[in-house]
Amino acid sequence: MTAATRTDSVELIPATSHGWTIGLANLLRKEFGQWWTTKLWWIQTLIWLIILNGVTTVIMLDSSGMAPEELVNEAVQTFFLVGATAIGIGIVLTLQGAIVGERELGTAAWVMSKPASRTSFVVSKLIAHFTGFAATAIVIPSAVFLVTAAMILPQPVQYGPFATAMAVMGLDVLFFVTLTLALGCLFKGRGPIAGIGIGLILVGQFFKGMLPEPVVLATPWLLGDVAASFAIQQPPEFNRLVPVIVVAMEVLLLGLVGIWRFNREEF
Amino acid sequence: MESGATESAIIDIEAVAGTTSSPGYRAQDVISATGLTKKFGPIEALSGLDLSVPHNSIVGFLGPNGAGKTTALKLLIGLSRPTSGHATVFGLDAVRESNAIRARVGYLAQDPRFYTHLTARETLEFTARFFFLGSKAAIRRRIDETLELVGLADKADRPTKGFSGGERQRLGIAQAQVNHPDLLVLDEPAAALDPLGRRDVLTVMERLREHTTIFYSTHILDDVQRVSDHVVILNRGRKVADAPTSQLLDGGCTYDLTVRGDAGSAKARLRGQPWVSEVSSTVNDGGEHITVTVTDQEAGDALLLRTILQDDSVAVTKFGRKHHNLEEVFLQLVEGQQA
Chain Z
0 MTAATRTDSV ELIPATSHGW TIGLANLLRK EFGQWWTTKL WWIQTLIWLI ILNGVTTVIM
60 LDSSGMAPEE LVNEAVQTFF LVGATAIGIG IVLTLQGAIV GERELGTAAW VMSKPASRTS
120 FVVSKLIAHF TGFAATAIVI PSAVFLVTAA MILPQPVQYG PFATAMAVMG LDVLFFVTLT
180 LALGCLFKGR GPIAGIGIGL ILVGQFFKGM LPEPVVLATP WLLGDVAASF AIQQPPEFNR
240 LVPVIVVAME VLLLGLVGIW RFNREEF
Chain L
0 MESGATESAI IDIEAVAGTT SSPGYRAQDV ISATGLTKKF GPIEALSGLD LSVPHNSIVG
60 FLGPNGAGKT TALKLLIGLS RPTSGHATVF GLDAVRESNA IRARVGYLAQ DPRFYTHLTA
120 RETLEFTARF FFLGSKAAIR RRIDETLELV GLADKADRPT KGFSGGERQR LGIAQAQVNH
180 PDLLVLDEPA AALDPLGRRD VLTVMERLRE HTTIFYSTHI LDDVQRVSDH VVILNRGRKV
240 ADAPTSQLLD GGCTYDLTVR GDAGSAKARL RGQPWVSEVS STVNDGGEHI TVTVTDQEAG
300 DALLLRTILQ DDSVAVTKFG RKHHNLEEVF LQLVEGQQA
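Respectively, the protein sequence lines represent chains Z and L. Using numbering that gives the first Met the number 0, read the first sequence as starting at 0 and increasing by one per residue. Using numbering that gives the first Met the number 0, read the second sequence as starting at 0 and increasing by one per residue.
What the hints contain is simulated information worked out from the structure, not anything from laboratory work.
Pairwise CB distance ranges (calculated): (1) Asp61(Z) / Asp110(L): 52 to 60 Å; (2) Glu326(L) / Lys187(Z): 35 to 43 Å; (3) Ile197(Z) / Glu43(L): 38 to 46 Å.
DSSO-like, lysine-lysine: derived pairs with alpha carbons at most 30 Å apart: (4) Lys29(Z) / Lys160(L); (5) Lys187(Z) / Lys38(L); (6) Lys154(L) / Lys29(Z); (7) Lys38(Z) / Lys160(L); (8) Lys135(L) / Lys38(Z); (9) Lys38(Z) / Lys187(Z); (10) Lys29(Z) / Lys135(L); (11) Lys29(Z) / Lys187(Z); (12) Lys154(L) / Lys135(L); (13) Lys160(L) / Lys135(L); (14) Lys154(L) / Lys38(Z); (15) Lys187(Z) / Lys160(L).
All C-beta atoms in this analysis are idealised placements derived from N, C-alpha and C, irrespective of residue type, glycine included.
My request is simple: use the sequences and hints to build the entire structure.
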């Protein structure tokens, strides 16, 4: 044993985490690294700035004789309604291979051959992707929206209600991140993941008005409306707490199903 | 050539098949498995494997493609769950305590894959962080030492995306031993390597023997013969041999002789001995090659050469107990089972 190795043995402290958190810190570091030390973060930011702020800036600039309050409401509603749909689609498309791809490439088996729990593997992706999308698709575009609105609109946007709306959008992001990862744990291929994820969004877009209210309330389809209603301070016809609570429970359920399934995975 | 004198290795299959014990083989086992079975639907990939791997040994795990070697290795480190049976590593249950097992194991997959955007150094740092919390400098030192060991120091900062199969294999070996594991489980460690790479891997394995137990699967029989203390052979999911390498290669009661001159009367004399069960021979340029199988090894050692040398017309140029090579043993065991 060399002197350097002896020094290493002193300085290298064995990792001490237990239970489901084994390997979590390291996996989180890797997942965050994939978001923030590669070009992923600025590509995502650019996409959402173009989609969300591009559309709303055009609306702000084209007042078409609308009253000031009406114009503010129009811009805010568009921001959240377009956001709820577009971000969901973006998440499903971006994350459809997050689990399946690793399984196909063999990197999941490699990581699972180390002292890392399977729960850590899924949870690290959930946290990192939620944080990444929340920052690039909600926080940054919202900040840009507020700056643009302050410069263009004749009436200020109320920051408090707008922040509440952002939190609702955060739940929307969390739902689609969890759904996509859970589907990745359940299916072997990308097809069913993209199909179910995007299908859910499109069904909501086209058939929301035709389906019974309890069904609609049990989906994330109304989260855009809920967010917009908070931002413009106009309560909708339905109890807006219902979709928020139901979707939060669905997030929990999907997360647990995904983790349960991944824990049964054979590599 | 005499009738029935085909030169074939006569291996005492009974002596090695199913053998699980040798002196000191159980008490200090790192790996212990009993009746380990894995089914994929109707297919039984592994059938009732009993296995013991002692401390600080190098155990070669042999078998044809599809024999169940990779399945067995994955069961031991918790990548897969057994359909029935039980395995422990360091006395820890391979299903319930697999995280604790993996904290002390280095594993190399058959076709190792890594995150392609990471460099070799980053890959090893990521791996090391599963095991250690220590300072960055200490981890960097360990990684440099490991990269040097596998000959990747000059490629340390290249993304693994552009790595050849051999370079990926070297990185695989590096990541498997970056934590200085108590047990190395290697699935075909030399498969993608050129002869120099293979030699290096074997050298590394021999060097690690002092601190580490190595359990590895391979198709390269020469490598097993060179470095392994113990050999386990698997065929169609079943263990067909489990013995120390020396025992497996030992010809036992078979002797090889090469003689010059007329050996006809010597062979007739041998056949007349009660302790000789079989005599066969072939003739070539170097003389007559005789294979003698005896029923009593002590008698063979003491009397065989004397019996032949009673005949003045015969000169013995080579004499000794037969030693098989692993390929002979492997083929006979596997083909024997298939027959």
